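Asks: In case you want the letters, here they are:
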Amino acid sequence: MQLSRADLLKAYRTMKMIREFEERLHIEFAAGEVPGFVHLYAGEEAVATGVCMHLDDRDKITSTHRGHGHCLAKGCDVDGMMAEIFGKTNGLCAGKGGSMHIADLSKGMLGANGIVGGGPPLACGAALAAKKLGTGGVAVSFVGDGGANQGTTLESLNLAAIWSLPCIFVIENNGYAESTSCKYAGACHDFADRASGFNMPGVTVDGHDFFAVHEVTGEAVRRARMGNGPTLIECKVNRYYGHFEGDAQTYRARDEVKTIRETRDCIANFEKKATSSGMLAASELQETSREVLAQIDDAVAKAKAAARPGAADLLTHVYVSY
Amino acid sequence: MAQHQAPVGIVANPASGRDVRRLVARASAFPVSEKCHMITRLLAALAATGVTRVLAMPDRGGITERLRRAIATQGPHDGWPQVEFVEMPIEDGPADTLRAVELMVAAGVAAIVVLGGDGTHRLAASACGETPIMALSTGTNNVFPEIREATIAGIATGLVATGRVDATRASRRNKVLRVEVDGQQTDLAVVDAAISNHRWIGSKALWHPELLSQLFVTFAESDALGLSSIAGLLCPVSRRAAHGLRIDLLPPERAAVTLKAPIAPGLMASVGIAGVCEIRPSEPQSIHSGSGVIALDGEREIEFRPQQRVAIRLGLDGPLTIDTEEVMTQAARDGLLVSRHA
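Here the protein sequences come in this chain order: A and B. All residue numbers for the first sequence refer to the numbering used here, where the first residue is 6 and numbers rise by one. All residue numbers for the second sequence refer to the numbering used here, where the first residue is 12 and numbers rise by one.
Keep in mind that the hints were calculated from the coordinates and are not lab data. Mixed in with the good hints, there may be bad ones.
Once the Cα atoms are required to be at most 20 Å apart in a straight line, the calculated SDA-like pairs of lysine to any residue come out as [said to hold, decoys possible]:
id	chain 1	residue 1	chain 2	residue 2
1	A	188	B	96
2	A	188	B	73
3	A	277	B	312
4	A	263	B	71
5	A	188	B	76
6	A	15	A	299
7	A	277	B	313
8	A	188	B	80
9	B	271	B	261
10	A	188	B	71
11	A	277	B	315
12	A	188	B	82
13	A	277	A	7
14	A	188	B	104
15	A	278	B	192
16	A	137	A	231
17	A	15	A	286
18	A	263	B	319
19	A	188	B	288
20	A	188	B	79
21	A	188	B	192
22	A	278	B	313
23	A	277	B	192
24	A	101	A	322
25	A	278	A	268
26	A	277	B	319
27	A	277	B	80
28	A	277	A	260
29	A	278	A	101
30	A	278	B	100
31	A	188	B	100
32	B	271	B	295
As the structure is a computational prediction, the values presented were derived from the model and not from experiment.
Could you build all of it, start to finish, from the sequences and the hints given here?
Replies: Here it is, written out as structure tokens:
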């Protein structure tokens, strides 16, 4: 699939939106403005963007506790997300979910998840529904390298394979399950190697490269829509911040993140390729960046100005209808 | 036993055999654990031929870690060579192979065993100079390296490294295709170079033959897999012939001649043929596409733009590879592995 100019601009806007959203949260959290925990997705933007560009309203995604990027890439409202993370009533979940339980079923975003490995079984359910209802939809489960070692993920891979579900497991291997290196915690070094044990294709892709992720996922989604079953895609990637905001990251080398930011940053690499190809002008990228920053400023201002849920809201939204 | 104690190098690419061809074709996976098993079989065979020291490429992809564990737990009678990991920064990419081969050559290794696909061997070929390579397949579309049991490869490499076989007969010279962008050599291929209308390198592999406009090959075997099969099924060229081939391609719906070719494992593709001609050493082949991607040995590697001048040149001065069959024939003829006891 050849990407058009419009595709490239959309991809850039999404990646940039995720980056600026997370960089701003990094600041706001340090200032004490954000309740609870946040787990930032900065550095991994090419994965969510490259995957979700193939999805439409029929399709569902499940996320992890590092879910902001997945939400934005799937089309969740920026204002609603920011407000939710600030714990305000105008948030996507009325301020009751926060960062780790943010969801927007209307966008097919079935939720970030506080349970490591909690997403894959949900994706199997969504994929089974799509298959039985004949919607043509697919389900994508984003999983971390820690989640990939959970029994829930392994059972889901098996279930998706035996029922030939239109399900794509995207393992975002950022090298650390919280603070535990995946080199220590994984008996099998490459998660893609596990796919053959579940009788499905397994592919490793550079998660810093939007073009590579987009291309591979396009084939996996096509395969799923054609009824040919699930695929496992392992994206090797890095996060720019700690497991959670406040994590001292003593388990990482001193210059690890600095080096990655300088040499492998997905947005910088995208900018270079898009402009050198003549497909996009530098001025277009700058204009997009300005618009994104303005949108983030606006979302933060609205979130700060909004009200928190009160005692009267305690027993509302306990159940959801679907 | 010969006293030659130059070390042997081992370069194993942890990333080979795991790309998108598992999804778009029916390629087999090649797990890291199996690559590590291959290395341990190599070590056993190298030890049997008298090799005492091995330099290995370090990696963070799981091979080094597993190999250290295997070495630590080897049996009391295994007697493997001493394995040292080359001291170098690790980038988790192609630069690692290049750097490891350069450092091994500088350290004076007698031979380098390379475990990977055509792409890995392409990198090794660009850095190995006159040091012979034992080319072993662990990749996907493997034409350059052989699919061969590592034990036998280890015996052949060890016999070469210890000087017990006629080195000039034990290795063969390969051809290369050198890519020049704006007059500067930027890269090389050991099997094929293809010009594609893809705009991006993306996931590297090629599986849309309708996007190809030209294909250059150093050699083409009729039973090959991958892009060189297109040439191999039209006009085979041996590894030793003093020429290569250029195939001009068209989308099949526009071509008067089409060919069904196995361009990836399990992937038969219809390819439109516009022309075939021999290419000779040192005659630059100009690329006329305005922009696109150059794929080297089956992987998209170089994006080029309309303002750039691109040319491809055949060279007969590529890397030396160890001829396993010839070495083992010599070993049998001269009884190199035979010991007689009174």
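Asks: Now, for every hint given, state plainly whether the structure supports it.
Replies: Hint check:
no.: 1; hint: A:188 with B:96; result: holds (18 Å)
no.: 2; hint: A:188 with B:73; result: holds (8 Å)
no.: 3; hint: A:277 with B:312; result: holds (16 Å)
no.: 4; hint: A:263 with B:71; result: holds (19 Å)
no.: 5; hint: A:188 with B:76; result: holds (9 Å)
no.: 6; hint: A:15 with A:299; result: holds (17 Å)
no.: 7; hint: A:277 with B:313; result: holds (14 Å)
no.: 8; hint: A:188 with B:80; result: holds (14 Å)
no.: 9; hint: B:271 with B:261; result: holds (13 Å)
no.: 10; hint: A:188 with B:71; result: holds (8 Å)
no.: 11; hint: A:277 with B:315; result: holds (13 Å)
no.: 12; hint: A:188 with B:82; result: holds (18 Å)
no.: 13; hint: A:277 with A:7; result: holds (18 Å)
no.: 14; hint: A:188 with B:104; result: holds (17 Å)
no.: 15; hint: A:278 with B:192; result: holds (17 Å)
no.: 16; hint: A:137 with A:231; result: holds (14 Å)
no.: 17; hint: A:15 with A:286; result: holds (14 Å)
no.: 18; hint: A:263 with B:319; result: violated (33 Å)
no.: 19; hint: A:188 with B:288; result: violated (50 Å)
no.: 20; hint: A:188 with B:79; result: holds (14 Å)
no.: 21; hint: A:188 with B:192; result: violated (40 Å)
no.: 22; hint: A:278 with B:313; result: holds (12 Å)
no.: 23; hint: A:277 with B:192; result: holds (19 Å)
no.: 24; hint: A:101 with A:322; result: holds (9 Å)
no.: 25; hint: A:278 with A:268; result: holds (14 Å)
no.: 26; hint: A:277 with B:319; result: holds (17 Å)
no.: 27; hint: A:277 with B:80; result: violated (42 Å)
no.: 28; hint: A:277 with A:260; result: violated (24 Å)
no.: 29; hint: A:278 with A:101; result: violated (41 Å)
no.: 30; hint: A:278 with B:100; result: violated (26 Å)
no.: 31; hint: A:188 with B:100; result: holds (18 Å)
no.: 32; hint: B:271 with B:295; result: violated (29 Å)
Violated hints for the displayed structure, listed by number in ascending order: 18, 19, 21, 27, 28, 29, 30, 32.
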